[in-house]
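There are 2 protein chains.
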Amino acid sequence: MKLWEKNVRQVTPYVPGEQPRLPDMIKLNTNESPYPPAPGVKKALDAMAGDTLRLYPDPACDSLVTALADYYHVKKEQVFVGVGSDDVLSMAFLTFFNSSRPVLFPDITYSFYDVWAKVYGIPYVQKPLREDLTIDPEDYKEENGGIVFPNPNAPTGILLPPEAVEDIVRSNPGSVVIVDEAYIDFGGTSALPLIEKYDNLLVVQTFSKSRSMAGMRIGYAMGSEALIRHMVSVKESVNSYTMNTPSLLAGVAAVEDDAYFRDCCHKIITTRERVKKELKALGFSFGDSMSNFLFVTHKDCPARELFEALRQKHIFVRYFDRPRIDDYLRITVGTDAEMDALTGFLQEYLSGRKETD
Amino acid sequence: MKLWEKNVRQVTPYVPGEQPRLPDMIKLNTNESPYPPAPGVKKALDAMAGDTLRLYPDPACDSLVTALADYYHVKKEQVFVGVGSDDVLSMAFLTFFNSSRPVLFPDITYSFYDVWAKVYGIPYVQKPLREDLTIDPEDYKEENGGIVFPNPNAPTGILLPPEAVEDIVRSNPGSVVIVDEAYIDFGGTSALPLIEKYDNLLVVQTFSKSRSMAGMRIGYAMGSEALIRHMVSVKESVNSYTMNTPSLLAGVAAVEDDAYFRDCCHKIITTRERVKKELKALGFSFGDSMSNFLFVTHKDCPARELFEALRQKHIFVRYFDRPRIDDYLRITVGTDAEMDALTGFLQEYLSGRKETD
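Going down the list, the protein sequences come from chains A and B. For what it's worth, the numbering used here labels the leading residue of the first sequence as 1, then goes sequentially. For what it's worth, the numbering used here labels the leading residue of the second sequence as 1001, then goes sequentially.
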């Protein structure tokens, strides 16, 4: 070890899903939208004068914050924007989770939560999901330094009903409760209306899934003015200018085209429900996903084997080699054609496998 | 105080320069370039297919990292990129400054250093600049948990000679030394060659000044492979996808046009040297700025008064109401026409003031 290395922060980094770039691939591994962003997004970027880029962007991101506030019928002072919901969540951990009591989150959940806890030195306890992979709200009523969970949960896709979310928030007036709604637009009910009633509730959403803009890195949080004020102060202590000019322009354009947004969500939901039936017929089982992915296990064929077989065909899905979920695949809902290719291959593979048994 | 507020991180945020947007303004307050980005930048953005944005960007930023590595003749493994040099510096503080000994930096310097130290709970000591506002390398030879300084220093613009930088790095094998070279392209000598000799030296630069892209938020660090590996691990523990797709495309295009880059730097240096003479003739004094700004004080007229008078004319410069520098103005070097407007107004204002004495 070098002398200076004794002062290096010890971390266990998050491992993002792989980002292959093959011309013929079917990419169903990182929950991106199969549809392009709203047409206005490209127009807004093309209209940007080249000279604009020489100037700093607005550090308050007023245009984008205003667009989101108008869209969700909240005040500008209730909206925080960041470089993807990961930036927003990381900033929320840093801002709100500074207790000696543990932060609580599920054992099977977004795998960045424990990474943030470790990098910022936050104590945490992971609460096991029930056997059916659902969250038990009772687990979140013990002493804690904060609570965070995705709704729908990832990678299960299962939604906690709004009453259960409210129960958790109501039971924890001494903690900030973060509800990570990255996948809420695919049929779930957002906790957003509750921010008017509970000043300790932070709702986090993203442009990466339902708004087809993973490449632009835009996430946002909504909560009480007090919560947002604290987050802005911490953000202004880390990086004043997080959102670049193209992000601000593209973000506003995306929010403005509500019809396009709803249409994309509707198409993905329709495809998902159809594919659920087909996968069931093929011998898969899964919780009732309300997200843009399916988390499936097969009665006969190990998930890892299917993962490798799909990969060979350049169909990329996500496999987590972790306790309790190592026999599951997380499959993003793509276009109808992509899902037909997937189910077509699975049918062929599984029946071929049966014959050789 | 709300119950949950007891766990909120206490911070004193950085206050960025104001970002007025007036049609007739002359903006010399935040050290942006007066020239647009390289023509290839706009072309690269226009050529980006709209559909690209639905996919996550490459988390390793390989295209941009490779372009920078080629340009600076270092290995890819020696380059780290982030959302402006603020993101890079913040990440470096979090990664390398984890000692109970204080981090050292000048008392008059980039005012984000103490903000990062506070937000991350890092002890620090500020070393007073000499009377002539230069850094004394001897101050950086006592026990410490890390060292950081800009070169040229901000807001003084004064360059520490390469031998003095090397002296500091050599004297501190147990600490990471960060040299923040945001303004190095305007006539200074970079410490970059020293990274091959000292594995504890991190050199940080930015696209916001000399590459005319403050609006795009791109900064980078270069150092030993060990240093960069640690930074990447911490970055992957905070946000995997920091650089959006437009940033990666635009960044590569900017690096590719070296002739344009050199031409812009040359024009700014030429204007700066001319304006130095004119300001001297008007009764201003200042250190020998090697940056794209001048840090000036006037023999008769208080800086604050000039700041307000310029502001009235929509000429924005930066004034810091802080001990030792509260009679200085920091003036960004703009176009020749902008600087003529500035000096013309100052001449008029100062002579009018003399008459009324």
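Please keep in mind that the hints were generated in silico from the structure rather than gathered at the bench. Treat the numbers as computed from the prediction; the structure is a model and nothing was measured. Please note: incorrect hints may appear among the correct ones.
[To be verified] Some chain B residues near chain A, calculated using beta-carbon distances under 8 Å:
#1 Trp1004
#2 Asn1007
#3 Pro1016
#4 Gln1019
#5 Leu1022
#6 Gly1050
#7 Glu1196
#8 Lys1197
#9 Asn1200
#10 Ser1237
#11 Val1238
#12 Ser1247
#13 Gly1283
#14 Ser1285
#15 Asp1288
#16 Gln1312
[To be verified] Straight-line Cα separation of at most 27 Å, DSS-like style, residue types lysine-lysine; simulated pairs:
#17 Lys141(A) x Lys1002(B)
#18 Lys43(A) x Lys354(A)
#19 Lys1006(B) x Lys1118(B)
#20 Lys1276(B) x Lys6(A)
#21 Lys276(A) x Lys354(A)
#22 Lys42(A) x Lys1042(B)
#23 Lys2(A) x Lys1076(B)
Backbone N, C-alpha and C fix where the C-beta goes; we use that ideal spot for every residue, glycine too.
Cross-check of the supplied hints:
1. Because the closest C-beta pair between Trp1004(B) and chain A is about 5 Å apart, less than 8 Å, the hint holds.
2. Evaluation of the Asn1007(B) hint against chain A yields a held restraint, the C-beta minimum of about 4 Å falling below 8 Å.
3. Using the Cβ-Cβ criterion of 8 Å, the hint placing Pro1016(B) at the interface with chain A is satisfied: the shortest such distance is roughly 4 Å.
4. At about 6 Å, the closest approach between the beta carbon of Gln1019(B) and any beta carbon in chain A falls short of 8 Å, and the interface hint on this residue holds.
5. Taking 8 Å as the C-beta contact cut-off toward chain A, the hint placing Leu1022(B) at the interface is violated, the least distance being around 13 Å.
6. Proximity of Gly1050(B) to chain A holds as hinted, the smallest CB-CB distance being about 4 Å (cut-off 8 Å).
7. With its C-beta approaching chain A no nearer than about 15 Å, Glu1196(B) sits outside the 8 Å limit, and its interface hint is violated.
8. Interface restraint check: Lys1197(B) against chain A, minimum CB-CB distance 14 Å, threshold 8 Å, status violated.
9. At about 5 Å, the closest approach between the beta carbon of Asn1200(B) and any beta carbon in chain A falls short of 8 Å, and the interface hint on this residue holds.
10. Given the 8 Å rule on beta carbons, the hint for Ser1237(B) holds: about 4 Å separates it from the nearest Cβ of chain A.
11. The closest approach between the C-beta of Val1238(B) and any C-beta of chain A is roughly 5 Å, which is under the 8 Å cut-off, so the hint is satisfied.
12. The criterion of a C-beta within 8 Å of any C-beta in chain A is met by Ser1247(B), whose closest approach is roughly 6 Å, and the hint holds.
13. For Gly1283(B), the suggested interface contact is broken, since its CB lies about 31 Å from the closest CB of chain A, more than 8 Å.
14. Interface restraint check: Ser1285(B) against chain A, minimum CB-CB distance 29 Å, threshold 8 Å, status violated.
15. Against a cut-off of 8 Å between C-beta atoms, the interface hint on Asp1288(B) is violated, since the closest Cβ of chain A lies about 26 Å away.
16. The beta carbon of Gln1312(B) comes no nearer than 22 Å to any beta carbon in chain A, farther than 8 Å, and the hint placing it at the interface is violated.
17. A hinted pair counts as satisfied when its Cα atoms are at most 27 Å apart, and Lys141(A) with Lys1002(B) qualifies at roughly 19 Å.
18. With a CA separation close to 52 Å, the supplied pair Lys43(A) and Lys354(A) exceeds the 27 Å bound.
19. Between the alpha carbons of Lys1006(B) and Lys1118(B) the distance comes to roughly 17 Å, so the proposed pair stays at or under 27 Å and holds.
20. Between the alpha carbons of Lys1276(B) and Lys6(A) the distance comes to roughly 46 Å, so the proposed pair goes past 27 Å and is violated.
21. Under the criterion of a C-alpha separation no larger than 27 Å, the hint pairing Lys276(A) with Lys354(A) is consistent with the structure, at around 22 Å.
22. Using a Cα cut-off of 27 Å, the hinted pair Lys42(A) and Lys1042(B) holds, with the two alpha carbons roughly 13 Å apart.
23. Distance hint between Lys2(A) and Lys1076(B) is fulfilled; the C-alpha atoms sit about 21 Å from each other, no more than 27 Å.
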